[in-house]
Amino acid sequence: MSSKSRKLQYSLAINEALHQMMGEDESVFLIGQGVKSPWYVGNTTKGLLERFGPERVIDTPVSENAVTGSAVGAALVGMRPIAVHPRMDFMLYAFDPIINEASNWHYMFGGKLPVPLVIWGIINRGGEQAAQHSQSLHAVFAHIPGLKVVMPSTPYDAKGLLIAAIKDENPVIYIDDRWLYEIEGEVPEETYEVPIGKAAVMREGKDVTIAANSYMVHAAMGAAEQLRKDGIEAEVLDMRTIKPIDKGLLAASARKTGRVVVADGGWKTCGVAAEISSIVSEEAFGCLKAPVVRVTVPDVPAPASSVLEKIYYPDSGKIVQAVKRTLSHGKEA
Amino acid sequence: MKHYSKEFLIDLYRTMVRIRLCEESLVEPILNGEVQCPVHLYSGEEAVAAGVCAVLSEQDYVFGTHRSHGHYLAKGGSMGELIAEIYGKEAGCSRGRGGSMHIIEPKKGMMGAAPIVGGTISLAVGAALASRIRKERRVSVSFFGDGATGEGVLYESLNFAALKSLPMVFVCENNLYSTHMPIRECRSNLPIFQIARPFGISAFRVNGNDVLKVYETAKEAVDSCREGRGPVFIECLTYRLRGHVGPDDNIQGAHQDIRPEEEIKRWQRRDPIRNFRKYLLKNAIAENDELATIEQAAQEEVRDAHAFMKDSPHPKQKDIGKHVFKEQKASV
Numbered sequence: 001m002s003s004k005s006r007k008l009q010y011s012l013a014i015n016e017a018l019h020q021m022m023g024e025d026e027s028v029f030l031i032g033q034g035v036k037s038p039w040y041v042g043n044t045t046k047g048l049l050e051r052f053g054p055e056r057v058i059d060t061p062v063s064e065n066a067v068t069g070s071a072v073g074a075a076l077v078g079m080r081p082i083a084v085h086p087r088m089d090f091m092l093y094a095f096d097p098i099i100n101e102a103s104n105w106h107y108m109f110g111g112k113l114p115v116p117l118v119i120w121g122i123i124n125r126g127g128e129q130a131a132q133h134s135q136s137l138h139a140v141f142a143h144i145p146g147l148k149v150v151m152p153s154t155p156y157d158a159k160g161l162l163i164a165a166i167k168d169e170n171p172v173i174y175i176d177d178r179w180l181y182e183i184e185g186e187v188p189e190e191t192y193e194v195p196i197g198k199a200a201v202m203r204e205g206k207d208v209t210i211a212a213n214s215y216m217v218h219a220a221m222g223a224a225e226q227l228r229k230d231g232i233e234a235e236v237l238d239m240r241t242i243k244p245i246d247k248g249l250l251a252a253s254a255r256k257t258g259r260v261v262v263a264d265g266g267w268k269t270c271g272v273a274a275e276i277s278s279i280v281s282e283e284a285f286g287c288l289k290a291p292v293v294r295v296t297v298p299d300v301p302a303p304a305s306s307v308l309e310k311i312y313y314p315d316s317g318k319i320v321q322a323v324k325r326t327l328s329h330g331k332e333a
Numbered sequence: 001m002k003h004y005s006k007e008f009l010i011d012l013y014r015t016m017v018r019i020r021l022c023e024e025s026l027v028e029p030i031l032n033g034e035v036q037c038p039v040h041l042y043s044g045e046e047a048v049a050a051g052v053c054a055v056l057s058e059q060d061y062v063f064g065t066h067r068s069h070g071h072y073l074a075k076g077g078s079m080g081e082l083i084a085e086i087y088g089k090e091a092g093c094s095r096g097r098g099g100s101m102h103i104i105e106p107k108k109g110m111m112g113a114a115p116i117v118g119g120t121i122s123l124a125v126g127a128a129l130a131s132r133i134r135k136e137r138r139v140s141v142s143f144f145g146d147g148a149t150g151e152g153v154l155y156e157s158l159n160f161a162a163l164k165s166l167p168m169v170f171v172c173e174n175n176l177y178s179t180h181m182p183i184r185e186c187r188s189n190l191p192i193f194q195i196a197r198p199f200g201i202s203a204f205r206v207n208g209n210d211v212l213k214v215y216e217t218a219k220e221a222v223d224s225c226r227e228g229r230g231p232v233f234i235e236c237l238t239y240r241l242r243g244h245v246g247p248d249d250n251i252q253g254a255h256q257d258i259r260p261e262e263e264i265k266r267w268q269r270r271d272p273i274r275n276f277r278k279y280l281l282k283n284a285i286a287e288n289d290e291l292a293t294i295e296q297a298a299q300e301e302v303r304d305a306h307a308f309m310k311d312s313p314h315p316k317q318k319d320i321g322k323h324v325f326k327e328q329k330a331s332v
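If you read the sequences in order, they're chains A and B.
Take the first sequence: its letter number 310 is residue 310 in our numbering, and every next letter is one higher.
Take the second sequence: its letter number 286 is residue 286 in our numbering, and every next letter is one higher.
The hints are simulated quantities; they were obtained by calculation from the structure and are not laboratory data.
Beta carbons: idealized from backbone N, C-alpha and C, even for Gly.
If a hint is listed, it holds; no wrong ones were tucked in.
List time: in silico DSSO-like cross-link candidates among lysine-lysine, alpha-carbon distance up to 27 Å:
| id | chain 1 | residue 1 | chain 2 | residue 2 |
| --- | --- | --- | --- | --- |
| 1 | B | Lys135 | A | Lys36 |
| 2 | A | Lys198 | B | Lys326 |
| 3 | A | Lys46 | A | Lys7 |
| 4 | A | Lys7 | A | Lys198 |
| 5 | A | Lys7 | A | Lys36 |
| 6 | A | Lys198 | B | Lys322 |
The calculated label-pair distances, taken between Cβ atoms and stated as ranges, are:
| id | chain 1 | residue 1 | chain 2 | residue 2 | range |
| --- | --- | --- | --- | --- | --- |
| 7 | A | Gln132 | B | Leu163 | 22 to 30 Å |
| 8 | A | Glu184 | B | Gln328 | 24 to 32 Å |
| 9 | B | Lys282 | A | Pro54 | 52 to 60 Å |
| 10 | B | Asn275 | A | Arg51 | 51 to 59 Å |
| 11 | B | His314 | A | Arg51 | 45 to 53 Å |
| 12 | B | Leu31 | A | Ala130 | 53 to 61 Å |
| 13 | A | Gly53 | B | His3 | 38 to 46 Å |
| 14 | B | Lys219 | A | Gln132 | 43 to 51 Å |
Output of the computed footprint for chain B on chain A, the stretches with three or more beta carbons under 8 Å from beta carbons of chain B:
| id | segment |
| --- | --- |
| 15 | 61 to 71 |
| 16 | 75 to 84 |
| 17 | 100 to 113 |
Using the sequences and the accompanying hints, generate a full structural model.
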């Protein structure tokens with residue numbers, strides 16, 4: 001296969017996936033609040049309305065519950081909808097169609113009807129947007145059986161995981177972050193799938209594993225670079241699928257390095273970092289040289305003031321500190 | 001009176017009788033504990049399912065509620081698979097994973113029933129949206145109760161369906177009680193059908209115990225949908241002759257109906273099946289023997305359904321995780 005590739009922005013990689021999938025499969029359609037407004041969805045939907053028309057690019061009233069439910073219903077009768085929530089916080093109105101209906105439908109009807117649906121939630125961290133426009137709610141959805149949850153961190157995965165999510169027979173929660181939209185990376189022109197359920201090694205190392213996702217992968221890469229200057233070789237994993245999570249790669253890396261730091265943009269309590277820590281202790285306990293350390297946002301709603309935001313969102317520096325803590329374990333006295 | 005073929009009228013009668021006898025066959029097994037899952041019997045409301053589904057083809061979609069045995073049977077679902085489901089058997093329509101409140105037969109357009117009040121209304125909207133996108137003539141029907149009028153999603157759905165002019169019929173089965181709560185304690189404005197009008201949706205209230213009235217109204221509604229004139233709302237006034245859940249209102253184990261005795265008696269006199277039977281005899285559409293034969297055949301079907309259930313095994317415990325996800329076809 002010819003794999004012509006060029007640099008593309010993360011948001012435009014999403015846009016390309018949408019164009020290609022809607023072009024390829026007439027059952028794919030996009031529905032949600034703000035699909036024709038760059039203010040809501042950036043340039044991710046550029047050109048879709050002009051190309052596919054309002055029948056398949058449906059900007060909706062502010063009715064998250066009914067609109068998400070409509071996407072579920074359309075999926076039940078054979079369509080492949082993508083329902084977008086331009087602020088992930090707004091998805092909370094749609095808990096019933098997502099959690100009670102979409103995630104349960106295939107199981108509770110004994111496998112009679114699949115729900116090939118993508119629910120796309122955009123995290124809008126920072127920018128003094130405060131507590132209801134910035135929440136990272138991936139752990140909430142990862143808790144639910146019957147949902148898959150993906151969080152691409154690179155333009156390559158943004159496209160490949162979106163295509164995989166659209167082609168999946170099950171409801172997939174696709175979560176991105178506006179902080180990622182301008183990041184550039186190599187993206188093949190043709191369609192391709194990044195398999196759901198597989199993590200990626202972003203950087204190899206022998207001293208410590210940093211398991212991160214979404215924007216925190218970039219913070220982790222920055223941390224690894226700083227650590228290298230101190231002679232510490234960090235292995236960075238991109239846990240780009242939160243559910244089902246890639247236990248194999250995580251455990252293998254933990255066994256190799258014996259030290260794990262988790263970097264997650266969600267809250268600490270009952271979060272994805274806790275889950276990853278738990279998997280490491282279940283799968284690699286005997287190899288651990290230090291307890292797993294979690295780097296997350298604190299158990300506090302997001303503040304508005306940028307002064308508070310500065311300490312709220314974890315950065316490379318916090319990850320470096322966490323790595324140093326795990327490396328000094330047992331040496332304190 | 002409109003002219004209907006004898007065959008059509010007999011079919012309506014048969015559907016209602018099949019539902020009633022199926023429901024009543026569950027009373028004993030519920031009381032003696034054989035049936036363990038919560039069962040919301042449809043007895044008394046048969047005219048709604050029979051009348052509406054008589055208008056629909058297998059291509060049309062139906063979504064139901066916790067009280068949907070009638071919708072399932074009227075839409076063509078197998079009685080044996082229904083009974084097996086209620087008993088948690090592998091041969092059940094949902095493989096024993098759903099129980100009485102989760103019944104389905106996609107091949108007949110019964111796309112699923114679920115007990116989150118109002119939860120399936122928007123799913124029916126989505127099925128109608130799919131019809132619109134694919135330029136099909138299929139109509140989508142949402143059955144829901146009067147209790148669902150307290151849910152915000154109904155109003156969101158009415159607006160969205162009207163806005164997009166979707167081929168969808170909202171069928172509210174108003175049985176006057178939201179579980180134990182009389183409607184006057186739930187709603188500030190009693191006539192439910194009026195809620196649809198501010199959205200520009202044609203809305204009707206019919207005697208939900210009169211199967212022909214239900215049929216005629218549903219026929220107009222479905223025809224209008226097929227012509228692309230947007231959604232229609234029908235409120236069917238009816239009454240459950242059994243409890244909210246189980247044979248009687250056994251809430252807190254009291255087995256005492258919370259409803260006034262006089263009210264129950266009044267509605268027993270309005271029994272949709274007994275009255276339709278009288279109508280068929282009075283208008284010389286059918287002889288008593290003929291109707292008795294139909295009733296007997298339905299009784300046999302019920303017996304066969306229970307026998308089918310008994311022959312079916314329970315799901316295997318090792319399969320508890322089966323069906324959480326649909327397995328992916330290998331990517332090309």
